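Visitor: Work out the full structure, taking the sequences as your base and the hints as a guide.
Using the numbering used here, the letters of the sequence shown map in sequence onto residues 11 to 319.
There's no promise every hint is true.
Distance windows between CB atoms, simulated [as the list claims (entries may be wrong)]:
1) Ala204 / Asp73: 11 to 21 Å
2) Ser288 / Glu254: 22 to 32 Å
3) Arg64 / Thr111: 36 to 46 Å
4) Gly14 / Ser132: 43 to 53 Å
5) Arg53 / Thr257: 17 to 27 Å
6) Arg114 / Ala204: 45 to 55 Å
7) Thr140 / Pro76: 31 to 41 Å
8) Thr111 / Arg53: 24 to 34 Å
9) Arg53 / Arg133: 26 to 36 Å
10) Gly172 / Leu150: 26 to 36 Å
11) Thr140 / Ala169: 37 to 47 Å
Honestly, the hints are just simulated from the structure, not real lab data.
Bear in mind the structure is a predicted one, so any value in this text is a computation, not a measurement.
C-beta: ideal position from N, C-alpha, C; glycine also.
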Amino acid sequence: MLNGKKILVTGATGQVARPVAQALAEANEVWCLGRFADREAERQLVADGMRTWRWDMSADRLDGLPDDFTHVLHSAMYRGDGTDFDTAVEVNCVAAGRLMTHCRSAEAFLYVSSGAVYARQSRDHRHRETDPLGAELPWLPTYPVSKIAAEGTVRAFAATLGLPTTIARLNIAYGPHGHGGMPLLLLKRMLGGAEIEVPVDGQNWCNPIHTDDIARQTPLLWQAATVPARVVNWAGDDVVSVQEILTYLADLAGAPARFRESEVTRDTHIFDNTVRVSLAGRCEVDWRTGLRRTLAHHLPELVSAQAST
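Guide: Okay, structure coming up:
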């Protein structure tokens, strides 16, 4: 873990960057950038020893922000409404370029991308960092496009500025902060009576990764940063289907698991983790333990009621 560094984190109120910022704040000076529409979330960051700086990545130029950060984690993203591709690409790419230029003297820059950038192959294909890009997501079409575009921007600025950079393509992240991750979002839909869409053929496989492992591995991915930028898959070690995840969570919550076959589903990917393991080692939180802890944090009343029956 780092000690005595000056660290900048974007997206620090979210489920991925929040635990990273919190862990790093124990021994470093951590600044969190964001709009902070949720004032309570900002208050909690400050209470945990972090500094906050208001930044609307669609408009603000970072004027007045210190530029002597040693490490940067850029996790924030403009999602938009899913239909305006031009704005999504513009906001995410310009923001990344401004941030990297402002922090050009940093020791390392880490950009959080997504496995959604990969072109769909067979459902059980283990995607490597060199696989073709070009995914389509029916539920948010602008997402993979703007992620691919932002990756290109990050690569360009890393090379132009000589800023050591890692681009980490994240799989399914989950944990106690934010909304808990995709597994909790789908579980809440199911608990509300909805049937979750599953493929007609096969399964949606993924490598869920708990935010404790993300926080532990972040300094190691900074350490691995290079010029040109290094690309690495960032995922858990376990290969699990979305249906298996939700069945497990529903059982813990004492609720029926509800599914229906559909041609359109929440597509996921399996990653080949060879590069990540070589750089940051294996994960420490297995998927069942992590999901059980996550459910107990977000829906403790369900876990408590089930435990008492």
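Visitor: All hints, please: hold or fail.
Guide: Hint check:
Separation of Ala204 from Asp73 is about 46 Å and departs from the stated range, judged on CB atoms against 11 to 21 Å. Taken as a hint, the range 22 to 32 Å holds for the pair Ser288 and Glu254, whose Cβ atoms sit roughly 28 Å apart. A beta carbon spacing of about 19 Å between Arg64 and Thr111 contradicts the range 36 to 46 Å that was offered as a hint. As the Cβ distance of Gly14 to Ser132 is approximately 47 Å, the hint placing it in 43 to 53 Å holds.
In this structure, Arg53 and Thr257 break the distance hint of 17 to 27 Å, their C-beta atoms being roughly 38 Å apart. In this structure the hint that Arg114 and Ala204 lie 45 to 55 Å apart at CB holds, the actual value being about 47 Å. Range check, Thr140 to Pro76: about 37 Å between beta-carbon atoms, so the 31 to 41 Å window is met. For the hinted restraint 24 to 34 Å between Thr111 and Arg53, the CB-CB distance of approximately 30 Å keeps it satisfied.
Our hint of 26 to 36 Å for Arg53 and Arg133 is violated, since their Cβ atoms are close to 43 Å apart. Gly172 and Leu150 have their C-beta atoms about 34 Å apart, which keeps the hinted 26 to 36 Å range intact. Judged by the Cβ atoms, the range 37 to 47 Å given for Thr140 and Ala169 is violated: they are separated by roughly 18 Å.
The structure does not agree with the numbered hints 1, 3, 5, 9 and 11 stated previously, though it agrees with the rest.
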